[in-house]
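K.L.:
One letter stands for each residue in the lines below.
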Amino acid sequence: MSPGASIIHLNVVSFMAAVEVLRDPDLRGLPFAVGIPGAARGRILDVSRIALREGVAPGMTIAEAERRLPGLCLVRPSPDAYSRANREMEAICARYAPLLENSGGGHFFLDLHGTSRLFGAYIDQAVHIRREISEGVGLDATTALAGNKLVAKVGTRSLRPDGFVAVREGDEEAFLRHQDVRFLPGVGPSIGRILSATGICEIGELAAFSDAEITGLFGRRGPELRESALGIDGSKVEQGDLTRRSIASRLRFDNDVLDEASILAALVTLVEGCGLELRRSRLQCRVVAVELGYSDNVAGRGASRLPRPVALDDELLAAARMALSRAHGRRVRVASLALAFGALEPASLQLDLFVPDPACREAFRNRESCNGSARLDRLQAAVDAARERFGLKAVTRCAALAGEAWHDV
Amino acid sequence: MDCEIRIGTSGFDYPEWKGLFYPPDLGRKSYLAYYAERFDTVELNFSYYRMPEARQLEAFLDRSGSGCLFSLKANQFLTHEIDPASWRSSLAEFREALRPLVARGRLGAVLFQFPSSFHYEPDRRRYLDALLKEAVDLPKVVEFRNGDWYNNRVFDALRDRGVTLASVDVPDIPGLPPSVDLVTSPLAYVRLHGRNGETWWGSDAATRYDYCYNDAELRAWVERIEAMTPKVSRILVYFNNHWKGQAPQNAGTLKEMLRGKELLR
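Heads up: the sequence lines are chains A and B, in that order.
Heads up: take any position in the first sequence, counting from 1, add 16, and you land on my numbering.
Heads up: take any position in the second sequence, counting from 1, add 21, and you land on my numbering.
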């Protein structure tokens, strides 16, 4: 492999279903789906390969899935186990890759550039990382090595559900030429409809268009799409969590709710989960946003912009409640709730050079965060340690225990 | 699934291996017997250049003990010099020659290795489809030297037909097909051609395959082979870097490495 081809994409296909097989090996070889049994508006979150072959797909309603495959085994989702498996994969990748992008759900981009003297040829490293994940975590990651993220991603998509491919630098266009055009990142439903209407099936057909043709078909996005079809991609592997745009989570109520207590309970749980992720990533945020999904498919949105970045659950929850009050303006049942922490920045003890805050000065003297009292910092650290060890629900607020059941989506 | 792994070389009848792999005083007629005591499979390439005969393969069986598996490279009239009017009769002749191997359970696979001039075009795709259907009763492996064939439609088609896609190790030079490990049938088939990029194009076959794998490169292959073991019932691995006896040397080292991981008895 030439020195430049150093980008790896790892993708565990049907990640939730694969983790469920690890938890219960009896599921191996069975048609099953991950979802909440008995939920009135429940949807399928993930499916095993056999269930997929039988026509059951993620996003389908549970009722529809059961109609298509009578006797379908439904497994309740285990978010903690998914999160743990993803972290274990990340730990293995981090041993080799100076740059690592964790997209969640068993998806990783790694840039191995500059590591060949340390760990050997990139192709051999890719093989080794894949094998370590298989042995250490028990998951089979479809793996592609290429010169950029785009080609690596098309590589894993072409191999699904499992396999390994290494595309040499310089061979990107040739490799993409006959791949299914739907594999190209950026091709969503609207572009897909145009492609379908025009009979374009392969990536190479897009690459062959002139400027006028591609712009005529796809508008301003056309030239960018053609660049992708040629295998040109300048995007970087975004290092760790410091460049994450947001930390977000969404849940869906098993039965749509109207009472404030249930909504607040769900909000507290989301704040605690995302807050732990925020602190684990050594980040803080300035924006907290909430989105309510009503039963009639209307969304309500609200956000709080904070004067200074925060990271502790108390502060995050106060901001989230403010955002919720802005989002929740209708007397209609709520089906889902989403929370996002935005405007992320690294958590640090960096003080303002010109306008030192007395509280911060004090905190710095005590070597504690300037974003909360020493006592709250210590309490949060103890709670986080317990949650890391025993799960998110080991320590929670009473408000989180009230109301209707829900599941992560 | 219990997986059987066999390691061998592409060809065995190399007089230049004398003193390197074969003892200096060993007669050429004894090469196969000597080889079969050390390796339990061999890939025969002569069948590409001239049509094999049943009696010839019968003689190979007699000289190779009871356990050695033979894989044969398909004749050039099926992969390189395809005549639409006569390829079916060529395949029938080829299949007839394999009869003794099939009868004694000693056929590893038939390798259809297509050249870089075999493009991913409708006529070629139709031919490949017809060929694979016609050879339905044989354990089939395809190797493409043209990278256009390495796409999801071909992968799906090979899976549907239970045809093996060879995993190949070649030099790191643009224009060669991508390195792919993809399980498409219960058989996995690995060909290691060496990584000599300087002599790959425009040289004779001997210098093209002049390469000796180092231990780190072979260890990476141990991991690639190991990753396939839960998904297939048999893995055949052949070293084609035959120049200066490097193929049997590397094959022996790989066997030891696999034994060390208890993947090989």
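Where hints are given, some of them may not hold.
Claimed, not checked - Pulled a few chain B residues facing chain A out of the computed Cβ check, cut under 8 Å:
{"id": "1", "residue": "Arg49"}
{"id": "2", "residue": "Tyr55"}
{"id": "3", "residue": "Ala57"}
{"id": "4", "residue": "Gly88"}
{"id": "5", "residue": "Asn173"}
{"id": "6", "residue": "Asp236"}
{"id": "7", "residue": "Glu238"}
By construction, these hints were calculated from the structure, which means they are not laboratory data.
The beta carbon of each residue, even a glycine, is placed where N, CA and C say it ideally should be.
K.L.:
Give a verdict on every hint.
P.N.:
Here's how the hints hold up against the structure:
Interface hint status for arginine 49 of chain B: violated, as the beta-carbon distance to the closest one in chain A is roughly 38 Å, over 8 Å. Taking 8 Å as the C-beta contact cut-off toward chain A, the hint placing tyrosine 55 of chain B at the interface is violated, the least distance being around 33 Å. Hint status for alanine 57 of chain B relative to chain A: violated, with the closest Cβ pair at about 31 Å, above 8 Å. Of the supplied interface hints, the one on glycine 88 of chain B is violated, with its beta-carbon coming no nearer than about 29 Å to a beta-carbon of chain A, more than 8 Å.
Because the smallest distance between the Cβ of asparagine 173 of chain B and any Cβ of chain A comes to about 4 Å, under 8 Å, the interface hint for this residue holds. The closest approach between the C-beta of aspartate 236 of chain B and any C-beta of chain A is roughly 11 Å, which is over the 8 Å cut-off, so the hint fails. For glutamate 238 of chain B, the interface hint holds, the least distance from its beta-carbon to any beta-carbon of chain A being 7 Å, beneath 8 Å.
The earlier numbered hints that this structure contradicts are 1, 2, 3, 4, 6.
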